[in-house]
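These protein sequence lines are chains C and E, in that order. Mapping the first sequence onto this note's numbering, position 79 (from 1) lands on 79, and the numbers just tick up by one. Mapping the second sequence onto this note's numbering, position 170 (from 1) lands on 294, and the numbers just tick up by one.
Calculated directly from the structure, the hints in this document are not laboratory data. A few of these clues could be false.
[What the hints assert, rightly or not] Computed far set for chain C versus chain E, every beta-carbon distance over 12 Å:
(1) Glu13
(2) Leu33
(3) Glu103
(4) Ala113
[To be verified] Facing chain E, a subset of chain C residues (Cβ under 10 Å, in silico):
(5) Gln51
(6) Ala53
(7) Ile55
(8) Ala62
(9) Ala81
All residues carry an ideal CB built from backbone N, CA and C; glycine is no exception.
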Amino acid sequence: MTGTIAVTSEGPELTSMVDPRFGRAAGFVVVDLASGKSSYVDNGGAQALAQGAGIQAAENVARAGAGVVLSGFVGPKAFAALSAAGIQVVQNVENMTVGQAIEKYRQGAFSVADAPNSKGGGRR
Amino acid sequence: MICAVASGKGGTGKTTVTASLAAVWERPLCVADLDVEEPNLHLFLNPELGAEAPAFMEIPVLDPTRCTLCGLCAEFCQFKALSVMGKTLLVFPEMCHGCGGCLRLCPEGALSPGGRELGCIIPGRAGDTGFLMGRLRVGEAMSPPLLRAVKARLPRDCAGARDILLDAPPGVSCPAVNAVMDADVVLLVTEPTPFGLHDLRLAVEAFRPMGAALGVVINRAGVGDAGVADFCRDENLPVWAEIPFSRAAAEAYARGQVLADALPELRGRFTALMEHVLTAAAKRAAGTGEARHA
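Chain C with its partners taken away, still in its complex shape (with noise of 0.2 Å):
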């Protein structure tokens, strides 16, 4: 399997729990697919805004070079962020680790996200 994903995260590892907050999440764990290799994109700049922090962390997505998101709620104005970079969508993860979220993935357990699935500004 190839390509880039992007998953909410409370924390930098694999073993850290998925963040189900898109915009205010913690941060991101970016794993290439084909090697498997992980890395943190941290999202406190987004956390910090008042406003408009789920188009940011779109921006942090986009630039991580993901192809894929990962998440639990995801607002509208990211979603249609995300969409127009390209980037699928998966909704309602949460409840588990990095690591599991990555491998349900692989295994085919997620279907993309055609729709936000929370009213955004923190509110689901």
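Please build the complex by placing chain E on the supplied structure of chain C, with the hints as guidance.
Frame of chain C, contents of chain E only:
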């Protein structure tokens, strides 16, 4: 003279005080409800309302055929109203704060000014008193731009008035600051409870640096504790009026009555409050004049 009726805490009686002041104030007077998120002064003053005028804020409108995706606008915008994602410049008009920076920066002329409706401005007349209010559009998140649009109409709609009373929104953040920043006198309406004291402290901290004369009105006097009175003494804040806590006052309020009219025994307190405000405004005007000469 502009007097803003403000408070840190909500529900302390700003509108109650504004309505009663309007009832006793020397004419010609104009009153404006700047609590555009939930205006209610009109419920007490019962003005005859004129035509609603929509108010707009300038936002960018994109011509994608001219955009080269250079990203200057997106880099400049602090509110993520613009974002270059892939081969698209995304515009999120609801995020825009209306600064106009992107319109000036765009080297391609790809952004032109459009408008986001903030809400409406409604003029009116309550007897011999001029009246103005703003009402925020449901779904609009930013009230300060509408509040400023209402204030911008004061010179026209209150042209004949000698004094203007402003009913400010609660809190001490941007909406409240925008409401009180041009005032000569700011009345801080509070209640003698720990909550009232906590938010009064914040209000004093926020509004004092703006230079208006500050005076305190203690509503529901008789409940709670002496914290507010002690704080006012320590801070040299004059308490210009106390409105006693009473069932009669609450009932009058619930019926949409103006306290100064419904409870004649309170009328004198509001007249005295007006005198305090006018005296403080005159002193401040004289002080400013001296400072200018120096």
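A quick look at each hint next to the structure:
For glutamate 13 of chain C, the requirement that its beta carbon stay farther than 12 Å from each beta carbon of chain E is met, with the minimum near 28 Å. The beta carbon of leucine 33 of chain C is kept farther than 12 Å from every beta carbon of chain E, the shortest such distance being approximately 21 Å. Every beta carbon of chain E lies more than 12 Å from that of glutamate 103 of chain C, the smallest distance being close to 28 Å; the non-interface claim holds. The claim that alanine 113 of chain C lies off the interface holds: its Cβ sits roughly 17 Å from the closest Cβ of chain E, which is beyond the 12 Å cut-off.
Taking 10 Å as the C-beta contact cut-off toward chain E, the hint placing glutamine 51 of chain C at the interface holds, the least distance being around 6 Å. The closest approach between the C-beta of alanine 53 of chain C and any C-beta of chain E is roughly 8 Å, which is under the 10 Å cut-off, so the hint is satisfied. A distance limit of 10 Å between C-beta atoms decides the matter here; for isoleucine 55 of chain C the minimum to chain E is near 4 Å, and the interface restraint holds. With its C-beta approaching chain E no nearer than about 6 Å, alanine 62 of chain C sits inside the 10 Å limit, and its interface hint holds.
Proximity of alanine 81 of chain C to chain E holds as hinted, the smallest CB-CB distance being about 5 Å (cut-off 10 Å).
The structure fails none of the hints (numbered hints given earlier).
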